[in-house]
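Q: Kindly produce the complete structure, drawing on both the sequences and the hints.
Here the protein sequences line up with chains L and G, keeping their order.
Quick note, the first sequence lines up with residues 1 to 332 if you use my numbering.
Quick note, the second sequence lines up with residues 333 to 886 if you use my numbering.
Covered by chain G, according to a simulated footprint, are these stretches of chain L (three or more residues, beta-carbon under 8 angstroms):
(1) 85–95
(2) 98–104
(3) 158–166
(4) 272–279
(5) 288–300
To be clear, the hints were calculated from the coordinates, so they are not data collected in a lab.
Glycine included, every Cβ here is placed at the ideal spot set by N, Cα and C.
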Amino acid sequence: MKFWIRRIVFYLVTLWAAISLNFLLPRILPGDPVAIMLGKLRRGGRQLSQETVDAVTALLGGDKGSSLWEQYLAYWGRMLNGDLGVSSTRYPTPVGELIGQALPWTVTLVGAATIISFVLGIIGGAWVGWFRGTWVDQFVPVTTFLQSVPYFWLALVLVAVFSVQLGMLPIIGAYDVFEYPAGPEWRPAFFGSVFVHALLPAATIVISSVGGWLLGMRNMMVQTMAEDYVLTAEAKGLRPSRIRSAYAARNASIPSLAGFGIALGFVVAGSIVTEQVFSYPGIGKLMIQAVQGLDYALMQGVFLVITLTVLAANFLIDLLYGFIDPRVRRNG
Amino acid sequence: MLDNRWRKTLPLVAGAAALAFALGGCAPAGNSSSEDRPLRIWSGSMTPIANNFNPFAVDTATHMTYGAIYEPLFFFNQLSADEPVGLIGESYEFNEDGTVLTIRIKPDLKWSDDKDLTAADVAFSLGYASNLDPDMVSAEATDATTVVVTYKTPKFTSTSMILGSTWIIPEHIWADITDVLAETNPNPIGSGPYKLKAFTEAAYTLEANPLFREGEPDVKEVQDIGIDSNQSSEDLLKTGKLDWVGQFVANPDGITSNGHISTMNQQQDPTVITTCADVSLGCEGAQTDLAVRQALNLAIDRGAITDKAFAGLAGVSSPSFALLPRDEKWLGDPELAESPQQPDSAAAAEILEAAGYAKDDDGFYGKDGTPIELDLFSPDGWTDYNDAAKLISAQAAKAGIRVTARTVSEAEYWSQVANGQFQLALYGLTQSLVADPYSNYDQYFATPATAEVGQTPEKGQNYARYTNPVVDAAVVQAGSTLDEATKKAAYAAIQTEIARDLPYIPVVLNASQSFFNTSDFTGWPTTDDMYAAPLPYLSTASAVVLTHLRPSKK
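A: Dropping the structure here:
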């Protein structure tokens, strides 16, 4: 019981620290959003009345006058009420709404891609490890090479080949914006469009991340196959396929599962480059735009969602590990 | 048992891939008949597009709000010296001293909700929110088509601002809106050729306004799409999915080679090195010395910058800051038509040595033991500016001037430029919208347009902190007259001063490339008939182009 309490207290402290950092970080960034906005309004030589200047200052620099401590308290008050504030770059859209619209796309695309990449990597790694020393060993350098290719470049090449040259796959968006100008429709054809549009972005994520899973799994597999229990299984005359899956692969995949938990946590952060290259709606892009436009509320909202999911994923994996491996419980 | 599960998974993955290609193969290709398909444009919006059609939300509102939905009174074509074209407005005239402006609008106009558009709406708009000029005394509708606006000061030089970029809004709707900044106006009612049909975060569609004063435009639907990278937009143009964009493309032949897309390149807005020029306003650093600015001006190789940083597409800048040939008649001294395109290290050295600078052991100039060390910054990710800054740094080093190029985040860039906390900034000035360089001088060079370092200029954008009584007097003189000879003399005086003082060191004229589908749509501007700039992100001009377009008959 002591173990669980200690873990929970640890996570509560981490949560508090993360949320407080989340408050401080944007305020350390250089630049003044009020000056930026006024500069944009004045472009072209328009003279601004004092009312407009005051309105903009109230809007973007609202808590300039109060102390950092007061701002911090107010920030916690809003957090506890679930109020993430209003975006200044997309004024007056509430941050919660922006995140709510982006999150499903990110979670589906990046989540699916992460799972596919993990499954492919683990299955492939098990095979490559099993047939070590044969030609299949070539998979390791090939996939690690693909992982080291700059993601951006990989995406551009795939688009150039499959979308521009062959015309098979779409270039941008999460669905066909030309066919569905009024937005998502609940029809099978629309879901087909969504699926086709997710293929290239997902493929690039998978191609550039499968190598890591594969390499890790292959090495664990080779190591596990040297264990006594595998030898015993062989001596008992079990079918090789059964030894491979139930004895070797099963034990070899445990460390990868921990990594998978963390990778799932980062799904919510999105894949900034994917979203950029494919104009795919998502969280990563909101984050970049918030940082560039000094949109404190949006920045905080996005960071908060990411922090919470990463912490939650870690917590779950921690609990899972405690169940799987009693040693962790005792030493923790 | 895991084994069995895997066996089931693998074919599933393979099947999904096969299905994907099948779906991809039969996904509907772009409709080939142009008569019933929308014109698809990219006006530069990134996704998610904000659902905002409030013309006062300058930063967040969608591009088509400006011109296609809401209109100003007149269209000022910044490419020509012609008279402005009447949109809502029919004619306008100033009284003798420029303080009373009488505007006549066209009769029998309608808003897109079928209510009448009258002079009362115009008077209301001129006094509404950020449209309100602090110098305005009153705006009155004297009859259904006449508005008389009175100002405290002469407004000759604000003509294009008042008539060309003040958005006319319906009083019956906006009179009830109290918090203008918080308004998103999702169902815009305007007077322009189009009205909103559908909005999503990925794209929005406009449809022809049947009540438009010139009749419904020929292109019935326009879809403006959000795209996050220039490469995607190039690919969409190549595959015939997009019809009109305005963006930088280093190799335009790759897009135009299929014969459907044509391109144009306008060179308008000066890219300059803004210097924090004046010590009296708090500027610090070697660039406050006139000799250093002049030497730098001679040391940079504009030809190489144009070719290497701007892909050979940028135009030749003029130290007079008049746009040539448009503003030809306002150029005082023909010598000031062009900045030197080749570097002249010897001349730069001569200027520095005459001012008491000497080379140190490393070959860099300094004075009294203090070397010249200049800091040149540009916003991170503006690759053409970043490249130009690196070239300038290398070219200045050849002439013995040490300039360090660095990049900063966009937010940091804007606030430092606005506050004057910089030495050299690569910066883009906005060219005057009419064939008269007045707004350039008034906005960027006059003392009232600046502020001390640490403060943001409020009545202009003189971020160089430049102050010169001769320029100030000439700007006032030019602003209070309509007499061309007086104006030209005043401009000549300004041009001589600023070309010598170089608070902004001209680099190039920025290229504005546009690409448009000439095989499915006709009526685009041509080099012989530049009735408007074909740039989809440009207010009003984009709408003027839209009303000229027709689907081509096949």
